[in-house]
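As given, the protein sequences belong to chains F and B, one line each in that order. Numbering of the first sequence is given in my numbering, commencing with residue 1 and proceeding in unit increments. Numbering of the second sequence is given in my numbering, commencing with residue 1001 and proceeding in unit increments.
Keep in mind that the hints were calculated from the coordinates and are not lab data. Ideal Cβ positions, reconstructed from N, Cα and C, are used throughout, including at glycine. One or more of the hints may lead you astray.
Chain B side only, calculated, beta carbon under 7 Å to chain F, not exhaustive [to be verified]: (1) Leu1133; (2) Tyr1136; (3) Pro1146; (4) Gly1148; (5) Pro1162; (6) Ile1165; (7) Ala1187; (8) Glu1262; (9) Gly1263; (10) Ile1268; (11) Ser1271; (12) Arg1272; (13) Val1273; (14) Arg1274; (15) Ala1278; (16) Leu1290.
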Amino acid sequence: MKNDEMGLEQALERLEQIVQTLENGKMGLEESLDLYERGMELVRLCEGRLQSAERRIECLTGELPADLRGDGKAADTF
Amino acid sequence: MTQIFTVTDLNERIKERLEGDARLRDIWLQGEVSNYTHHRSGHRYFTLKDRESQISCVLFKSSGASLGIAMKDGMNIMAFGDVTVYRPQGRVQVIVRGVKEDAGVGFRYMQMEALKKKLAAEGLFSPERKRPLPAYPERIGIVTSPQGAALRDVLKTLGAYPARIILSPAQVQGEGAEESLARAISALRGMCDLVIVCRGGGSIEDLWCFNSETVARAIAGCDVPVISAVGHETDITIADFVADVRAATPTAAARLAVPDAEGIRQSILSSRVRMMRALWTAHERRAERLEYLKRAVSARRMGSIAADARQRLDYLSARLDAAAAERLKASRSRLEKAAARLDAVGPAATLQRGYAIARSKRGLVMAAGDVRPGEVIELILAGGWLLCRVLEERQGGGEREEHEGAG
Chain F
1 MKNDEMGLEQ ALERLEQIVQ TLENGKMGLE ESLDLYERGM ELVRLCEGRL
51 QSAERRIECL TGELPADLRG DGKAADTF
Chain B
1001 MTQIFTVTDL NERIKERLEG DARLRDIWLQ GEVSNYTHHR SGHRYFTLKD
1051 RESQISCVLF KSSGASLGIA MKDGMNIMAF GDVTVYRPQG RVQVIVRGVK
1101 EDAGVGFRYM QMEALKKKLA AEGLFSPERK RPLPAYPERI GIVTSPQGAA
1151 LRDVLKTLGA YPARIILSPA QVQGEGAEES LARAISALRG MCDLVIVCRG
1201 GGSIEDLWCF NSETVARAIA GCDVPVISAV GHETDITIAD FVADVRAATP
1251 TAAARLAVPD AEGIRQSILS SRVRMMRALW TAHERRAERL EYLKRAVSAR
1301 RMGSIAADAR QRLDYLSARL DAAAAERLKA SRSRLEKAAA RLDAVGPAAT
1351 LQRGYAIARS KRGLVMAAGD VRPGEVIELI LAGGWLLCRV LEERQGGGER
1401 EEHEGAG
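Isolated chain F, as found in the complex (with noise of 0.2 Å):
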């Protein structure tokens, strides 16, 4: 799976696998500095994550009332 189409959870959950599997220290130097880089990757992901303000309303029948409407971003707004 692709780091972009990987949830919140699944980010998590393997970032503590790598973490870890650091901790373990039974690795090569080569493959230790891999799984570091994968691990940031990771770190980076997750934060992107929880910055993107964006929320996603959706209604399933008829519209959204007006003030839930809009960008998206409007958490302040209620």
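Dock chain B against the given chain F, drawing on the hints supplied.
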């Protein structure tokens, strides 16, 4: 003759008529209490109802002082009082002067208790059925009224948590609310990781649809965990019993639904620190090992290794030389033998045995007819050669005649 009334006149007429009716004075009225409010003024306002109708009631402070029971919604009572009309609103109401509790609970509560028992017997409330909430839901379904405050409370509390929110609008009170709620819950099938079914506070009637079997079964049949949040903290409906998690309020439901973003940030930060520490520890271990190996391979030891190598090289090259010489000797002897064998089959050895080779101008003489009498030929012998003239040519096998004797 048609009379024109003012509103006030009409209400006054109705009031006179009703309050003048002796049959509507000092009555006992049987019904279930709802919308009960004990006002600051000390007066109590409530509605009495049965399966089909309801009527407003007032119990003034003066009458309430001697009230023997604590009234509350859902309670079945017998009220004593008079029918009056509140003229400013044209409202018919009962001024209650005395109350006693009716035997048993209200009809709806009886119904609800029966349903609760039935569903409990089916195991719909059992703890084993409760599903754990997803730790990081990505798609959150909300079943509620799009206009309600509950929805706004939920959205506000979800805050900036990065999830897709799917609103499945439902009618949350009144006629048809049960079916509407059940439809809205089913409509979310396969679309969410988590469903919140919620509604803000209201009278017990308003919340009653959440006590229906239809809604209970819809919640039980939902493909993902359901959080229910109906009314206020004290309102507990059958929906709450069936739901995987019951939240006291919509706000509480939202808080239960998603992890605290700050908590996640902390855990990411901790992962970063742990990774770096792990790398650093590994690096230090390697450095230590390198140091150890460096000490083990001292300069002296390096010299000794080099000397060993040198010696081995000499030994090997000596062996190589010896092998090469041996090879050469063998080759030479083979060559000599081959040359000897070659001599044995060549013409030289044959000539040694007394044969001669005859050669004319046209080449080797193999038969008597190859030359003519008088022609000069060469005879090659083992030692030297002769130039000869042919005297006579005879065909046949090799009997020789003495030339002088025969001629």
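Does the closest beta carbon of chain F sit nearer than 7 Å to the beta carbon of B:Ile1165? With Cβ-Cβ at 5 Å, under 7 Å, it holds.
When the least beta-carbon distance from B:Ala1187 to chain F is tested against 7 Å, hint result: 5 Å, holds
Interface hint outcome for B:Leu1290 [beta carbon to chain F under 7 Å]: 11 Å, violated
Would the stated hint for B:Gly1148 survive a check requiring a Cβ distance to chain F of less than 7 Å? Because about 10 Å separates B:Gly1148 from the closest Cβ in chain F, which is outside the 7 Å limit, the hint is violated.
Go through the hint on B:Ser1271 and say holds or violated, using the shortest Cβ distance to chain F against 7 Å. Holds. Min distance 5 Å.
Let me know if the C-beta of B:Arg1274 comes in closer than 7 Å to any C-beta of chain F, holds or violated. This interface hint holds because 5 Å falls under the 7 Å limit.
Are B:Glu1262 and chain F close enough, Cβ to Cβ, to be under 7 Å, as the hint says? With a minimum Cβ separation of about 9 Å from chain F (threshold 7 Å), the hint on B:Glu1262 is violated.
Quick one, is the B:Gly1263 hint okay against chain F at 7 Å, beta carbons? Cβ of B:Gly1263 sits 11 Å from chain F, so the hint is violated.
Minimum beta-carbon distance criterion (7 Å), B:Ala1278 to chain F: Interface hint status for B:Ala1278: holds (4 Å vs cutoff 7 Å).
Grab the minimum C-beta distance from B:Pro1162 to chain F and call the hint holds if it beats 7 Å, violated otherwise. 5 Å, holds
Hint validity - B:Pro1146 Cβ closer than 7 Å to any chain F Cβ: Since the shortest Cβ distance to chain F is 5 Å, the answer is holds.
Let's test the interface hint: is any C-beta of chain F closer than 7 Å to that of B:Tyr1136? 4 Å, holds
In this structure, the earlier hints numbered 1, 4, 8, 9, 13 and 16 are contradicted, and the remaining ones agree with it.
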